[in-house]
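Chains L and U, in that order, give the protein sequences. Mapping to my numbering: the first sequence position 136 is 136, numbers consecutive. Mapping to my numbering: the second sequence position 15 is 15, numbers consecutive.
Hint data in this document are derived by calculation from the structure and do not stem from the laboratory. Using N, Cα and C, we set each Cβ at its ideal position, and we do this for glycine too. There is no bait here: all hints are sound.
Okay, the calculated beta carbon distance ranges per label pair:
no., chain 1, residue 1, chain 2, residue 2, range
1, L, ASP192, U, PRO178, 39 to 49 Å
2, U, THR22, L, ASP192, 23 to 33 Å
3, U, ALA295, L, LYS254, 31 to 41 Å
4, U, ASP242, L, GLY158, 49 to 59 Å
5, L, ASP192, U, PRO271, 52 to 62 Å
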Amino acid sequence: MANPYNLSILELKQKALEIRRDIITMLVPAKSGHTGGPLSFADVGTTLFFHELTFDPRHPKWEGRDMWFWSFGHVTPVHYSLLAEAGFFPKCDLLKFRQFDGHLQGHPSSLDTPGVEVSSGSLGQGLSIAVGAALGSRLDGHSRRIYALMSDGEQQEGAIWEAAMSAGHYKLDNLCGLIDYNQAQIDGRVEDIMGISPLADKYRAFRWHVIEVDGHNFEEILGALDEARHTKGKPTVILAHTIMGQGVSFMHDKYEWHGKPPTKEQAEKALAELGTTFDEWHNHLATSTEPAYPQKPAGVLA
Amino acid sequence: MPVQMKKTREGFGHALAELGETNPNVVVLVGDLASSTMVHFFAQKFPQRFFQMGVAEQNMSNVAAGLSLTGKIPFFATYGAFAACRDLDMIRVTTCYSNLNVKIGGAHGGISVGPDGATHQALEEFAIMRSLPNMKVVCPCDYWETKKATLAIAEIWGPCYLRMGREDVPVVTDENTPFEFGKALVMREGKDLAIIGCGIMVYEALEAAEVLAREDRVEARVINMHTLKPLDEGIIIQAARDCGSLVTAEEHQIYGGLGAAVAQVTAWYHPVPVEMVAMWDRFGQSGKPEELLVAFGMKSTNIVEKARKALRRRDHRGNGK
Ligand SMILES: Cc1ncc(C[n+]2csc(CCOP(=O)(O)OP(=O)(O)O)c2C)c(N)n1
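Chain U extracted, bound-state conformation:
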């Protein structure tokens, strides 16, 4: 089956241009990365509501906060590495503490950023942003989902962080696939094991599920956890009950990301073995995106491996269902 490839950040750019038409309060700010973050579509159509802020993320973050106080819905965009780290104090104290209506677009998330290397490969945003009270976090899996997520967060009150990638990635949903903020999406049914992924790892999870079905006769449920906060706890608990073991997959550091969030939920409500595919507490490096995903263990093959381990652990402890 040939897969269509498209950039998630393009979905962000297209959605903002659409929001410009439908919502006069939407304004966009960027830190000298208009084409990279694809907010240039908005800038071309709505130059009055577009603010180029230069290479000054801390200022941009608080200018967005100020704009929100006048009833605007500001989206500010830069690379995730800078969006989540450079202006973190501003985001924490000004935007989150006062629960201001600021939306943050973080492009170039994940190791798949490629040749730019470690400085530009954002791998910590989930941990950072999830830990802030009032902040919401979304990591869509493809072009369509990013577009829908962008439209959705414009309608939701409060600070929200949207994580996007750099490269063309497989399109696994379509224009009509439902998207509900805060509600995960089952992409494939199964009762033997559940794989919970976000971002580009949803595609890898679907691939892994095919392999598991073919080679192990294991029917894996694949859950697309596009919203990392608030987390759809119900779907995790259900998966733990139905399947007895889970694998999580994310393009993020192992500490504080999706895997950690899922493990927290299972520990609270229904402890089962949870295996994790993630970046194992290291900085990335330069290389081709595919090369790096393989080298750092964030491919479908790694999910398959972890799935087998999760199943062994489950069976060893007596079918933990």
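Chain L extracted, bound-state conformation:
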């Protein structure tokens, strides 16, 4: 099993920068949507899609794939940018995000978009689905790994803890949870809204192996994913400490950026910080009408 891109740390940094440009650019024509969470998860997401996960974008349902579940559905800008950059569909589609004539729904829809395993958008459901997929894969003797991508706010949902309990109970070492621990949610800072700390201790008490990393440090993220893969007898959760709005100075650590898109002017400012202009990146996306397939699809490698 192998990731079809397998980028180096240097290349991952460049890819994450492009993902951030995609996020900002696609949110402008959408005129609605989430900015802060997608930016905080961009580095972990890039590491997953360009180093960790096994998949073949030409065949999203390929048997040999890993499975990943976006439990926090609302971060579609980073989700879709990653899918587009990874070749599941052309990048020009990003410019139709949230629009009537596009396939990229405000929250992920498995019947509309290739690479979306299951529809989501109601928080706190993804970990249970991942537990089911992990049990099923283990039953089949399939070596695939299962990833549950979660946010910190949704740790407040009771369903998360029912799922965590069952994953610990069944010792699902083929399951890895990743939490975008950016400390922000809609109405404010997570600890002010409904405290979830000590989160690591909670997961440990639920019989998980816990790894804490700086979610903007690629070496640490890679190390944690590796450790998770080698941890036997229990599921692993990676608490990725991130910063909402990471990469754009005026969004940095501001929960107010949870659920609003940048205006054209704000996007210009943000994209300048990300080393491009709106017109340049918009044009880049608009003219990318073919999916960017990897050189060696995993399906061929496997």
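Mind docking chain U with the ligand on chain L? Use the hints.
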């Protein structure tokens, strides 16, 4: 005639802030959506009686139930999609079975939620909530009516679900328009046909009635069925008798909503042709609110079309009056 546009959920927020002043027992809970559901007006004025519950609707629902046992009148708010579905078991067994005094504010109802897409477009709450014994259901048509409905349900014992929308919508009533819980409101007189709508479809119904008057010389009665449960059966039976055919209009799934409720009443007491404008057993999608209402057939033009069909059916069967 230029119409004023305002959010229904703002009426909810303003009413709660008012209730805070007048009724010390009113408490408010929210699931990380204080500004979205506009309970932040209450939160700012009465921080002691406001409980931020985080993204944990099931817990919030039963915490509200517990609060009601201490004599409080809890209103809990989140998006309708989560309010009516995520905590349904809690609402059914704890709140409804024991007939507890819990009020539920469901924002972002209908396809007009727009770009957030299907997950956030609540289209099933009428069916779900109407089916629960003891539950009452209100879907006001505009800002003023939402404000009055919120004030009214604070005074009524038992579980109650209030459906609101996301967008600015036409204001079709005013501060002095009467609002009586459980009693529908005739918004336009007519004897040729009756259009029974709720929520933003009341405005669409009024538009449709204008078109029917102008183009078909049909005088349509427009009934604002703001309370879906208990349903004003009398006004439906009267309309069926007077007009001989009905059209219903709602921003809700076709199964189990207003149309189904009206058809049940006519089937019991006075069968006449009933045509329905609703979401036809599908999930929504992303798009602009207006675009979606057109695409999924929930506009005045659709009401006009159904009205003509209802009239043809009525006349075909010999003026069913
Ligand atoms: C079950 C459920 N309840 C409420 C919501 C509305 N909602 C969407 S995002 C969000 C806040 C989530 O915060 P977090 O998950 O930490 O995301 P971030 O702010 O980091 O993007 C809420 C309450 C939802 N989508 N699902």
